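Residue numbers (our numbering), protein chains in the order written: chain A, 1 to 323; chain B, 1001 to 1261.
No wet-lab data here; the hints were simulated from the structure. Small disclaimer: the values here were computed from a predicted structure and weren't measured. What you were told as hints is all true, and nothing was included just to trick you.
Non-contacting residues of chain B with respect to chain A, defined by C-beta distances greater than 12 Å in every case (computed):
hint : residue
1    : Leu1127
2    : Val1144
3    : Arg1168
4    : Leu1169
5    : Gly1237
Which chain A residues face chain B? A few, computed with CB under 8 Å, are given here:
hint : residue
6    : Thr59
7    : Leu61
8    : Arg84
9    : Ala89
10   : Leu91
11   : Glu93
12   : Ala95
13   : Asp97
14   : Ile99
15   : Leu100
16   : Leu108
17   : Gln109
18   : Thr111
19   : Leu112
20   : Gln113
Per label pair, the in silico range of CB-to-CB distance:
hint : chain 1 : residue 1 : chain 2 : residue 2 : range
21   : A       : Arg140    : B       : Ser1045   : 36 to 46 Å
22   : B       : Arg1026   : A       : Glu205    : 42 to 52 Å
23   : A       : Gly146    : B       : Gln1025   : 15 to 25 Å
24   : A       : Glu129    : B       : Arg1026   : 25 to 35 Å
25   : B       : Leu1249   : A       : Asp307    : 50 to 60 Å
26   : B       : Thr1133   : A       : Glu126    : 45 to 55 Å
Ideal placement from N, C-alpha and C gives every residue a C-beta, glycine not left out.
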Amino acid sequence: MAMPHNDQGPAIEARELVREFRKGPRAVDGIDIAVSTGEIYGFLGPNGAGKSTTVLMLTTLLPPTAGSATVGGFDISRESAQVRASIGAALQEAALDAILTGREHLKLQATLQGLPARRRTERTQELLERVGLSEAADRRVGGYSGGMKRRLDLALALVHEPRILFLDEPTTGLDPQSRAALWEEVERLARDEGMTVFLTTQYLEEADALADRIGIIDQGKIVAEGTPARLKAEIGSPSVEVTPAEKDDLGLLGELLDGFGESKRGSNGSVTVQLPGGEAALAEIVRVLDSNNLRVETLQLHQPSLDDVFLAKTGRKLEGAGA
Amino acid sequence: MVAQTSLFEQVGAVARRSAVGAFRQRALLFFPMLFPLILFAINGSALSKVTEIPGFPTHSYRAFLLAMPFVQGAMFVSINAGTSLARDVETGFLNRLALTPLRSEAMLLGQLGGALVLGTVQAIVYLLVGIATGVTFASGVGGVLVLLLLSITISFAFATLGGLLALRLGSGEAIQGIFPLLFVTLFLSSSSLPRNLIKAEWFKEVATYNPVSYLLEGLRSLVIQGWNAQALAKGFGFSIALATICLLLARPAMKSRLVRT
Chain A
1 MAMPHNDQGP
11 AIEARELVRE
21 FRKGPRAVDG
31 IDIAVSTGEI
41 YGFLGPNGAG
51 KSTTVLMLTT
61 LLPPTAGSAT
71 VGGFDISRES
81 AQVRASIGAA
91 LQEAALDAIL
101 TGREHLKLQA
111 TLQGLPARRR
121 TERTQELLER
131 VGLSEAADRR
141 VGGYSGGMKR
151 RLDLALALVH
161 EPRILFLDEP
171 TTGLDPQSRA
181 ALWEEVERLA
191 RDEGMTVFLT
201 TQYLEEADAL
211 ADRIGIIDQG
221 KIVAEGTPAR
231 LKAEIGSPSV
241 EVTPAEKDDL
251 GLLGELLDGF
261 GESKRGSNGS
271 VTVQLPGGEA
281 ALAEIVRVLD
291 SNNLRVETLQ
301 LHQPSLDDVF
311 LAKTGRKLEG
321 AGA
Chain B
1001 MVAQTSLFEQ
1011 VGAVARRSAV
1021 GAFRQRALLF
1031 FPMLFPLILF
1041 AINGSALSKV
1051 TEIPGFPTHS
1061 YRAFLLAMPF
1071 VQGAMFVSIN
1081 AGTSLARDVE
1091 TGFLNRLALT
1101 PLRSEAMLLG
1111 QLGGALVLGT
1121 VQAIVYLLVG
1131 IATGVTFASG
1141 VGGVLVLLLL
1151 SITISFAFAT
1161 LGGLLALRLG
1171 SGEAIQGIFP
1181 LLFVTLFLSS
1191 SSLPRNLIKA
1201 EWFKEVATYN
1211 PVSYLLEGLR
1221 SLVIQGWNAQ
1231 ALAKGFGFSI
1241 ALATICLLLA
1251 RPAMKSRLVR
1261 T
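All chains, please: the whole structure from these sequences, using the hints.
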């Protein structure tokens, strides 16, 4: 395994990274990223935002037009062989050979990654077991389901025990069960093996569930960055939505909630109020409603979502933003 | 220091994958091998009277015609090599390989290695069919071995052409679209008649300038003439020249396909 110049620095660092395509827009427009060792960094954005182009540059498969980046302490332009030795990558749409079996894929990868001959079979078996493909190991990949292909893709990225893992939209098109299994494995890699994970996704819940920090990219620029909690807190306060048991109480409910902020009546017979002071006001709301003998059918606390963050930063909803 | 296997081991690993892929797709293996044999059977029987033309070099038209399946099979090998490499470009498998310490030469030679295995199997089948249909070899057992060697060299040369086209075009469909053009060169050669017996002047001229004629004549000389140094030199020479030119052009194309910073 290649040794980094500096173990203390960020595992991934990009400075003013740009990629321009001929006759096309700037796919990546001067982004700065710093990912710490052992961190899961979620790179969130709609289709065409520049996520995959960034991954291709960071994995040395595409030269940047301007700017610089280091991965594992190595410069992506000048020390690309060392970068490749430090990373594993499962790129968009698992590129597998339908004619080969899962085991043959892993053995080929182990040979090309320079594993000693006696270690190849051992490592292949280890990875097949880890990703739950032992039983299907000798079946041709053409007959695998989407989830199995993604798991094999992940195993292939891990053959040479890299310190940094790039996953480009790893769960796109997967059923919820396969998605959850992959999330679990990614979390395990970061938690138990201290692996740094750079994960691109267009799924809000994926970024929210997995990432320690999130960078939101839109039209080639990073528009927001931070922990999911901080990003959500940045754009607004939580809100409480109350539905009275009796419709006649809607007016009184509105008056009572106005004491906590400007209330809005919903079309579904509920009243919502923003809580600028945070969710601490929730207990007081319950006390006020109770002391006024107002019977409540439902009371819901809504936290801001990453979709709200995306909307606030770009003026668009994430779903369908790339279209 | 980046861990790396030897060039030999890398070529072996890629060639193994290529050969396994070729043999598992039986339809791609069987039908291209069968087609030249069907033509051999039809022409060998229907055109047997051609040997009565004064000056025809042999009394057995099958013996004359046997070289054709070898070259035709080699052309099919080129398509196989080309389309499988183009598929790797299209599916992104080449990107996966680009992330390993695989040398571009190893990728190219490995891919051709698989085609070579396929070409060898085809050559043995054509040889056995020739023997089974009564063809004798004027150059003896040694000539049969040289015939196999020349046939494998021709297969390798056409495979490099297929590889070059794949790397330049990056599309399996484009390779298959070009294949009929390659086939035309076979029919515009001395595949059915010796060049000196072709009556149409333009055809004779084209066949003389067509390198495929010399590949056929090199193979054919071992069957009907015995040891003809000039024919063999031209056969080996043209196939080695084709392979060299294609490899020289394919190397930078492979480097840019295996694009790495």
